[in-house]
Amino acid sequence: MRVALYVTCLVDQVWPSVGEAAVRVLRSAGCEVDFDPRATCCGQPAYNTGYHDQARPQARQWIESFEHSGAEWAVLPSGSCAAMVHHYPRLFERGDPWRGRAEAFAERAKELCGFLVDVLGVDDLGARCPARVTWHDACHGLRELGLRDEPRRLLGKVADLELIEMEGADQCCGFGGTFSVKYPELSTAIVDRKCESVAATDADYVVSGDVSCLMQIEGRLRRIGSTTRAVHVAEVLAGMVPARQQETSA
Amino acid sequence: MSGSQLPVERFDANARDALGDPVLRGALRRATDLFGERRRAAIDDVGADDFEALRDHARAIKDATLAHLDVHLERFVAQAEARGAKVHWARTGDEACELLAGLCAGAGAKTVVKSKSMTTEEIELGAALEAHGLRSIETDLGEWIIQQAGEVPSHIIVPAIHKTKAQIAALFADKLGTDPEADEKALTAAARDVLRREFAAAEVGISGVNFAVAETGSILILENEGNARFTTSLPKVHIAVMGIEKVVPRFEDLAVFLKLLPRSGTGQHLTSYQSILTGPKQDPSADGPEELHIVVLDNGRSRFLDQAVTRASLACIRCGACLNACPVYQQVGGHAYGSVYPGPIGAVITPQLVGVGKASQLPYASSLCGACREVCPVRIDIPALLLHLRQEVTEGHEPSGSPFGAQRRPAKRGERLGFRLWSFGVRGRLRYEWGSALARFGQRLVVRGGYVGKVGALLSRLAPPLGAWTGTRDLRGLAPRSFRARWRQELRHQELRRQGLTPSGGER
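Those protein sequence lines, which keep their order, are chains A and B. Mapping of the first sequence onto the numbering used here: position 132 corresponds to residue 146, and the numbering continues sequentially without gaps. Mapping of the second sequence onto the numbering used here: position 305 corresponds to residue 367, and the numbering continues sequentially without gaps.
Any given hint could turn out to be false.
Straight-line distance between alpha carbons at most 16 Å, and here's what the computed EDC-like set of lysine to aspartate or glutamate pairs gives [unchecked claim]:
1. Lys196(A) / Glu71(B)
2. Lys298(B) / Glu352(B)
3. Lys148(B) / Glu136(B)
4. Lys196(A) / Asp74(B)
5. Lys196(A) / Glu352(B)
6. Lys298(B) / Asp349(B)
7. Lys516(B) / Glu199(A)
8. Lys474(B) / Asp156(B)
9. Lys298(B) / Glu314(B)
10. Lys148(B) / Glu353(B)
11. Lys227(B) / Asp245(B)
12. Lys420(B) / Glu460(B)
Sample of chain B residues lacking proximity to chain A, with all beta carbon distances greater than 10 Å (derived) [as the list claims (entries may be wrong)]:
13. Pro69
14. Glu157
15. Ala167
16. Lys321
17. Ser337
18. Phe366
19. Arg482
20. Phe503
21. Gly539
No lab work stands behind these hints: they were computed from the structure. Ideal Cβ placement from N, Cα and C applies to all residues, glycine included.
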C-alpha cells in the first residue's frame, strides 16, 4: 500500500527522528512510503489563532501535494495536524471547488496509530523497548479523532515495555499552540499538573503521539530537573528507544 | 453590597493573579476534581450509550426550538397568561432591571428574596434593586456567602467554589458572630436562621428559570436547598426572570433535560428539589404567590440567534460541566474571566454579550483541548465556536447597527506581522528550507546541548514568544539535520533499494 507521509513541520525541523521512525514503522507494516518536500506546515498555528487567510494557502499546498502523490492514504505522526486536515473544508466556502478537494483529502488523512490499527489492522510491529513508560493522550488525537485504544494496543505489543497509566492521562498538557506563549504562566500551571502525574508513575519515558505536547512536557520536565524523558510513540514502535538506567538525581 | 467583576479586557492579568493564590487553586482543584468524579459516576449509572442518546435528543430539541423560537415563545406566553401569570418583555438588562424595580415598588416591597439565577447576575439585578432602595437578599447558600463577602459568583452553579471552609468560617464569624472554628453544619445552621427571617419578611421573591414549557406555560426551577421553593411560594409576589432561550416546546421534553442537567452539573441523579410552577395560586387558601410575573429577557440573545455559528451557544442549559472539565478554569477559576459567565462557555457567550473587541482575550483563554465539548450535555462544539470567535477578533468587523460599533478590535500588530512572515516562509518549499537553514544558523546563539534555556531580557523583548516559553520551560532547538535532509540523503534511497532500484538508477 502506498502512503504519503506528512511528517509535520515540527517533526521535520525539531524532532526528525520521529519522521524517521514513522518511515521505518510504515515500511515494516508493508507500506510503500512517499514524502513530498513541497508540503511544509499544515497551517494549524495560523488557523487556531484566528488567521484563516494565512492558513488557507497551507491547506491548498497540502491538498495539491496529496492529489499529486497518487497515494492511497496520507499518514501523519500527529493527531493535531491530522485533525487540522479534517478542518480544511471549513476554510473554504460552500460551492468553492477547493472545499470538495479538502473533503476528499480529509477522508484519506490518518494519524499514524489510527492508520496502523484501524486501516491496516496491525498492532504488533515486533518492536522492543525495555522501559517503564506512561502514555499521554494528546487532546486532538483523543477528542477530535477518537484515538484512545489504538496507541495503547500498539504499546501493549512492544516487547519488555511496561505501560503504567498515569492519573489524568487524558488531561491537556497545556500546550495549545499559541496559547503556550500567550498565557505562559497558565500553560505552565497546566503542564505542572501533567508533570506531577508523570512523576507519580516513576516512568523512564512519557510517550505521546504529538511532538507539540512532547515539547511542552519535556521542556517543563527538564526545567524542574526530572529524569523522565519524552519520546514519540513512533520512536517506541520503531524500536529506537533505548533502555534507561534510572539516573539518580544529584 | 454587590461585588464587581474584574476587567474582562484583562484575562491575562486576572489569570496571573489567580495563579499566585495557592488557597484559591487548592479549593478549585478539590472542587473540580470532585464534580468531575461525581459526574462520571452519575453517567455510568445511566449507561454511557443511553447518556449519549440523551445528549443527541436534548440537542435536537434545542435546535428545533431555536429554529422557531418566536413561535415557541409566543405559545409559552399565551399559555402562561391563560394560567394567570403576567408576562413582560425586556430588550436589555437595564430595561429588565427597571421593570423589576417597578414591579417590586408596585408590591410595596422593602425586602426582596432571590433564589440563584445567572440571568439576574447577568443584568446585575441585585445592585439595581439596591439603587432603588430595596434590600435584595440572596438565599442560595453559596450566593448568600458571595453577597456577604461583597464578591461576584465564580461558577455558574457553585457560586462560592473558590472559597475554602476556613474562609467561610472567618466570614461568618465577622458578619454573624459565629465561632471562627465552626464546622459546616453549624455554619449552614447560622445562615439558615438568618435566611428564614428574611423569607418571612420579604414581600417579593425573584427567581430564575431553568426551563419554560410552551405547551403548558409552566416554569421549572431546579435547586438543592429548598430556598427557591421558599422564594417562589412565601412572598405574595413571585417574579421569574428568564432568557428567551429557556423555552422548550413540550412538557415531556423536561424528562430529557432532567436526566442530563443534574448529572452533568453536580453529578446528582436529580436535584433535591424540582419545582414546576404554572401560574399563581388559584385557591386563596392554597400556598403560593398571589401574583406571578415572568420577565422574558433578550439582552443580546437574538443577535446570537441571527448567526448560524453562534446560535449553538443558545443551546447551553447552564450546567457548569464545561467549567469543571476545563484545564484553564481548573487553574484560575471564574473571576479571571471578568464575566458572570466564566469557563469555556463563558468565553463563547461573553464576547457576544459585551462585544468581541472588549472581550477579545477570552476566545484565546483555551488550549482547545476539547474537554468542554466532551462533557457538554447538549453537545455544543465549544472549541469550534472559540475558533470562530478568534477569527472574528483577527479578521472580523462589527456589522452595521451593532451595539458594539464603537469598540475597537485589538490591533495585534506584532502577531499579525508574525503570521504574515510565517506565511511567507511556509508557502513555498525553498523559502521554507532557506528560512529553516537561517534559523538553524541563528539558533547557535542560544542553543546549548540541543535546548534553549531561559533567555535574557533583550532576547525576550526581541522575540516575545521565545521569552514567554523559556521563562518556565526548556525549548528543544532545531535538529542539526531536518527530516527532509535525511529523507533526501538516506531514507528515500532505502525505499528505492527495497524496490530493487539504486539511487543513481533513476525511476523505471
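Taking the hints in turn, this is what the structure says about them:
1. A hinted pair counts as satisfied when its Cα atoms are at most 16 Å apart, and lysine 196(A) with glutamate 71(B) qualifies at roughly 14 Å.
2. Under the criterion of a C-alpha separation no larger than 16 Å, the hint pairing lysine 298(B) with glutamate 352(B) is consistent with the structure, at around 5 Å.
3. For the suggested pair lysine 148(B) and glutamate 136(B), the alpha carbons sit about 13 Å apart, so the restraint of at most 16 Å is met.
4. For the given pair, lysine 196(A) sits about 8 Å from aspartate 74(B) by alpha-carbon distance, which is consistent with the 16 Å threshold.
5. A threshold of 16 Å between alpha carbons decides the hint, and for lysine 196(A) with glutamate 352(B) the separation of about 55 Å lies outside it, so the pair is violated.
6. With a C-alpha separation of about 10 Å, the suggested pair lysine 298(B) and aspartate 349(B) falls inside the 16 Å cut-off, and the hint holds.
7. Between lysine 516(B) and glutamate 199(A) the alpha-carbon distance is near 14 Å, which keeps this suggested pair within the 16 Å criterion.
8. Taken as a hint, the lysine 474(B) and aspartate 156(B) pair is broken in the structure, with Cα atoms around 33 Å apart against an allowance of 16 Å.
9. Only pairs whose Cα atoms come within 16 Å are accepted, and lysine 298(B) paired with glutamate 314(B) is rejected, the gap being roughly 30 Å.
10. In summary, the hint linking lysine 148(B) to glutamate 353(B) is supported, as the alpha carbons are separated by about 8 Å, within the 16 Å threshold.
11. A C-alpha spacing of about 8 Å is found between lysine 227(B) and aspartate 245(B), which places the hinted pair at or below 16 Å, so the restraint holds.
12. A threshold of 16 Å between alpha carbons decides the hint, and for lysine 420(B) with glutamate 460(B) the separation of about 12 Å falls inside it, so the pair holds.
13. For proline 69(B), the non-interface assignment is confirmed: its Cβ lies about 16 Å from the closest Cβ of chain A, beyond the 10 Å cut-off.
14. Once the 10 Å rule is applied to beta carbons, glutamate 157(B) is consistent with being away from chain A; the minimum gap is 33 Å.
15. The Cβ of alanine 167(B) sits about 46 Å from the closest Cβ of chain A, beyond the 10 Å cut-off, so the non-interface label holds.
16. Distance check for lysine 321(B) against chain A: the nearest CB is about 24 Å away, which clears 10 Å, and the non-interface claim stands.
17. Residue placement check: serine 337(B) keeps its beta carbon more than 10 Å from all beta carbons of chain A (closest about 36 Å).
18. With a least CB separation of 19 Å from chain A, phenylalanine 366(B) remains clear of the 10 Å interface cut-off, as annotated.
19. A Cβ of chain A approaches the Cβ of arginine 482(B) within 10 Å, the least distance being about 7 Å, so the stated non-interface status is violated.
20. Listed as a non-interface residue, phenylalanine 503(B) keeps its Cβ farther than 10 Å from every Cβ of chain A; the least gap is roughly 13 Å.
21. The claim that glycine 539(B) lies off the interface is violated: its Cβ sits roughly 7 Å from the closest Cβ of chain A, which falls inside the 10 Å cut-off.
Hint compliance for this structure: hints 5, 8, 9, 19, 21 are not met, and every other hint is.
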